[in-house]
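So you can see what is in the structure, the chains are spelled out below.
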Amino acid sequence: MANIKLTIDNKVVEVPAGTTILEAARQNNIHIPTLCYMNLGDMNIENKPGGCRVCVVEVEGRKNLAPSCATNVAEGMVVKTNTVRVLNARATVVELILSDHPADCLICAKNGNCELQTLAQDLGIRKISYQGEQSTYREDTSPSIIRDVDKCIMCRRCETMCNDVQTVGALSAINRGFEAVVATAFEQNLEKSTCTYCGQCVAVCPTGALTEVDHTQQLIRDLADPNKTVVVQTAPAVRAALGEEFGNEPGTLVTGKMAAALRRLGFDHVFDTDFAADLTIMEEGTELLGRLNKFLAGDKNVPLPILTSCCPAWVNFFEHNFPEMRDIPSTARSPQQMFGAIAKTYFADKIGVNRKELVVVSIMPCLAKKYECQRDEFSVDNDPDVNYSISTRELAHLIKQSNMDFNNLPDEDFDNPLGESTGAAVIFGTTGGVIEAATRTAYEVQTGKNLENVDFEQLRGFEGIRSATIDFDGTPINIGIAHGLGNARKLLESIKDGSNKFHAIEIMACPGGCIGGGGQPLHHGDSSILKARMKAIYSEDENKTLRKSHENPYIKSLYEEFLGEPLSEKAHHLLHTHYFDKSKNDIFID
Amino acid sequence: MATFKYHLLICGGTGCKASDSDGIITSLNKEIKEKGLENDVKVVTTGCFGFCEKGPIVKVLPDNTFYTQVTPGDAAEIIQEHIIKGRKVERLLYTDPETENHIADSKHMGFYQKQIRIALRNCGFIDPENLDEAISRDAYMALGKALTEMTPQEVIDEIKKSGLRGRGGGGFPTGLKWEFASKNEADQKYVVCNADEGDPGAFMDRSILEGDPHTVLEAMAICGYTMGADKGLIYIRAEYPLAIKRLKIAIDQAREYGLLGKNILGTDFNFDIELRYGAGAFVCGEETALIHSMEGERGEPTFKPPFPAESGYNGKPTNVNNVETFASVPVILLKGADWFSSIGTEKSKGTKVFALAGKINNVGLIEVPMGTTLREVIFEIGGGIKDGKKFKAVQTGGPSGGCLTEKHLDTPIDFDNLIAEGSMMGSGGMIVMDEDDCMVSVAKFYLDFTVEESCGKCTPCRIGNKRLYEILDKITKGEGTMEDLDNLKNLSNVIKDTALCGLGQTSPNPVLSTLDNFWDEYVAHVTDKKCPAGACTDLMNYNIIEENCVGCTACARACPVNCITGERKMPHHIDQAACIKCGTCMEKCKFNAIELI
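Line by line, the protein sequences are chains A and B.
Quick note: the first sequence uses my numbering, first residue 1, plus one each step.
Quick note: the second sequence uses my numbering, first residue 591, plus one each step.
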């Protein structure tokens, strides 16, 4: 495309046609502030309703100010981003937003991490000239997400994530004028909506309107209770992002420091969800091969493709949207729940503790996990296998509260027996990782041959929908991958209409997989952060001696001592689940 | 075909229907039948005559007698006197307020003398539910001419040459808009008629659709021919049931006659029209919001570009024009661009329909050539201010317009002049105010409307307008400060400068224009805590004039909060702290002993 020459703040710049003023300015180190605008470039996710009007600039010859996020450059354009007129307009607009925003910054969950707060500070707002009525809405708490709608600034980012990216459709703008706000249909509780608790709305919300349910207080109490044995499991994606909360570069791996911090917080046993990820591969991989071999033997009724089931938001999604396909996903529970089930049986027996006195806590990059561990089918006599889940962000707060100098903690290891894992488990944290891990094991089990190169580059990447064919020693196995529920929907539709024939499909609800989960440190729309986390995950895998789940010695002894073999009756009882048709629950009116 | 000696035309517009024009029709038909005149007299229900102040109207043809404020009880006299005896019913004729003479023929009334009716040319002349009557007044002739004698480009050129500009408020040249839409290639294109009339007190579009629906259908087909669209959509608010009913009838009739549908008039041109109902959101008059609403999305505007001409309804090239714009098109093709452009001013050609309302004698629907002055409209056509009061201001352009004053009265009305004076043409609402109107309250009234009608998408409109309203409210309650006036001005300018769509960009106009033209009135509210017009009750006190008070106790008995005390036959007293300023005491007092100061 041809280049366009224009002047921004007296500087002549040249950019490709079709560039917005905002982009043109940023490329030339002129940073026009924005609020509603969000661009996750590599994932093709853009939110630019042009609603906040913070990014307005003066364009010569134009009668009103132009929103730079949505105005394309033109040849010879003269743009000014910092005139009195612009600065006054920008400050007035932010004052207006503040005039309808609770001023409880000091005790807000987003304090210090709020884009509106930062903006007000950057613009030097010291008073709000326009005081008046403030909007008040009902607060809504679901198992995972809290909506404090009074803090909604109508940036519509959550709406973009929920509708355009995830195609969940739980949130959209309702009402008009001053009453306009983003909410569920008929302002019902999120629990009554099609929400999957993926938390992508929370991840992009610039203010405290959408936050996670906080379980840290409960955790502090349990840790202090001498009658309770508290064990912790940490998901793979957490270690690739937690460091960001302590000023480290995105992509800094902090596995050892995290283990050290958890031990210092007072957990009795510091375990790793990765152990359960290896276990998942044993169960899910065996299930895959079972179905595949039946299919290859000519049984055309066998449900294929097999779909992964590690992601609780994805499970919610198909229960709501594709209930008729609920016999296709693997019945394997997610690693979080496998861990809980094993911890409260095998491990509790081992240490001689009653399951009711054992508190299993998970650290997750995810908000849907908070909901998942509360599902009825994952508890025994009202005692949940996983008592509660806290997010990466909550863990960071907890570490800060506990006065630890995180960056100078020593690197420590996880405890055994539920702390050992292979590289295959680590990559569960990124899109493509679960299916790659499954492939490593399934290949060896199926072909009986040793897999030399475990790096399946063809399964990796950032593209929303990917596919690859893996040669299982002469048998081509077709694999599909989708991340982001909108992409999952497309893939599922293509299976339904028969245009795609896959043997196995991996789906993760969040863009980028768990590294981009709703509970992770906020990336504020910067996709390079997600890429750095992904790189960190793969490097952790590479540095492991064992990189195939079935080689994990503790997994081997778990089967020998307790479970028998994959898909045994005991394994079925503890490690598998069933799904529900939730489409009928999607009724908004009581 | 029967030939009638007399035609009795009766307004069947929404306004006159509300004044029982249906009852008049029933009574007239009954009288005609009783007198055995069925073959001589025909009663025709038409669209709006425009002179709503004097409605319901009954017009007798061929002698053009114009009866005003007719009731069903007048039917017998009209038939007996006028039809049978040939004598006009004098008491039902219009009385010229100056000469006090009866005027029988509307042509000679001040209200009609300065008007030129182009968009309204058939309103009040034909039965809108009868296609034959429309055809007798050249309906679909222009479509025929376009399809058989002109290329699409020639039609566009003719419209461009005529200088027709969008009547919905924007004033964008219609021919250019059509040309853009015609140049964008696509497998499907749409013509959309914007009938989402939303200005308070405006009923131009409704009257056209109720009185002459075929002219709009015809123009949409012509537009479809120029841009290569075979589908037309009319976005009309559901609160216009009569217009909807007549449009449906008109569409059915046009289809039946082969004037809509496949191979229109034997050519290979196909065009059909469907209705889409709006829920009456003002912002859906903005074309992008209108399109989103039609698509089933939230009625919110989005940026232009892309313009609807590139990507409109369902992402296809779409041309959106207002009802009145369409209504002007067929006659341009028939009479020629030169004829049309000979009317009006240099940059605003043709005529404009206004809904004249407020403190004016002749409330109604008028159509005047561009360039007519506000003075001519208000004092000659409108008959001046009601009850002999003094003219104070006129609000043009609806809630987005500004208030113009005495000094603007000789401004020729056109798109550019009104903008230059701080107001705008808008879709044609015109509300006249007199000395009793408080301009701060007027600004507050319009802001109340825009606050209610904002879609809430952009900050300045969602919160800014609300804050403007709150400041104005404070001022009318006597709680304003001079700093508020500064804030009012700054905030208004920022909203104009930053709002996303036309609604927000123009919503501060009533504030800015009243600040400009009535600054002293604002200051009086703020510093003296007085409302010079006596309209802001919070700034007024009811007071008993002791020398007039006879102590009849009527006021004290009527006061709902019992704040008036006094002995019988002794002057009474109002407890100002308890008074809720309802005005009941003043209404009840027969001795002019209560004043408002």
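These are computed hints drawn from the structure, not numbers from a lab.
There may be inaccurate statements among the hints.
[To be verified] Below, a list of computed lysine to aspartate or glutamate pairs in the EDC-like style, where the Cα atoms sit at most 20 Å apart:
hint : chain 1 : residue 1 : chain 2 : residue 2
1    : B       : 894       : A       : 46
2    : A       : 570       : A       : 133
3    : B       : 894       : A       : 287
4    : A       : 127       : B       : 1060
5    : B       : 894       : A       : 58
6    : A       : 63        : B       : 1006
7    : B       : 894       : A       : 133
8    : B       : 595       : B       : 643
9    : A       : 48        : B       : 1060
10   : A       : 127       : B       : 1073
11   : B       : 1067      : A       : 133
12   : A       : 127       : B       : 887
[Said to hold, decoys possible] A few chain A residues that don't get close to chain B, going by computed Cβ distances all over 12 Å:
hint : residue
13   : 67
14   : 69
15   : 263
16   : 350
17   : 375
18   : 578
[Unchecked claim] Derived contacts from chain B toward chain A, CB cut-off under 8 Å, selection only:
hint : residue
19   : 691
20   : 692
21   : 700
22   : 703
23   : 705
24   : 1049
25   : 1052
Glycine residues also receive a C-beta, built at the ideal position from the N, C-alpha and C atoms.
Between the alpha carbons of residue 894 of chain B and residue 133 of chain A, is the straight-line distance 20 Å or under? violated, 32 Å
Hint check: is the beta carbon of residue 691 of chain B less than 8 Å from a beta carbon of chain A? violated, 51 Å
Under the criterion of a CB-CB separation shorter than 8 Å, is residue 703 of chain B in contact with chain A as hinted? Where the cut-off is 8 Å and the nearest Cβ of chain A is about 38 Å from residue 703 of chain B, the hint is violated.
Check on residue 69 of chain A being off the interface with chain B, judged by Cβ distance over 12 Å: About 10 Å separates residue 69 of chain A from the closest Cβ of chain B, which leaves it inside 12 Å; violated.
Taking 20 Å as the top limit, are the C-alpha atoms of residue 63 of chain A and residue 1006 of chain B close enough? holds, 15 Å
Would you check whether residue 700 of chain B satisfies its interface hint, that is, whether its CB is within less than 8 Å of any CB in chain A? violated, 39 Å
For the pair supplied as a hint, residue 570 of chain A and residue 133 of chain A, confirm whether the alpha-carbon distance does not exceed 20 Å. violated, 61 Å
Taking the minimum C-beta separation from residue 578 of chain A to chain B, is that value above 12 Å? holds, 37 Å
Run the distance test for residue 127 of chain A versus residue 887 of chain B: straight-line Cα separation, threshold 20 Å. The given pair, whose Cα atoms are some 38 Å apart, is violated under the 20 Å limit.
With the threshold set at 20 Å, check whether the alpha-carbon distance from residue 894 of chain B to residue 46 of chain A stays at or below it. Since the Cα atoms of residue 894 of chain B and residue 46 of chain A sit roughly 18 Å apart, the hinted pair holds (cutoff 20 Å).
So residue 263 of chain A supposedly isn't at the interface. Is its beta-carbon more than 12 Å from every beta-carbon in chain B? Per Cβ check, residue 263 of chain A is outside 12 Å of chain B; nearest 48 Å; holds.
Given the hinted pair residue 1067 of chain B and residue 133 of chain A, is their Cα-Cα distance within 20 Å? holds, 16 Å
Hint check: violations occur at hints 2, 3, 7, 8, 9, 12, 13, 14, 19, 20, 21, 22, 23; the rest are consistent with the structure.
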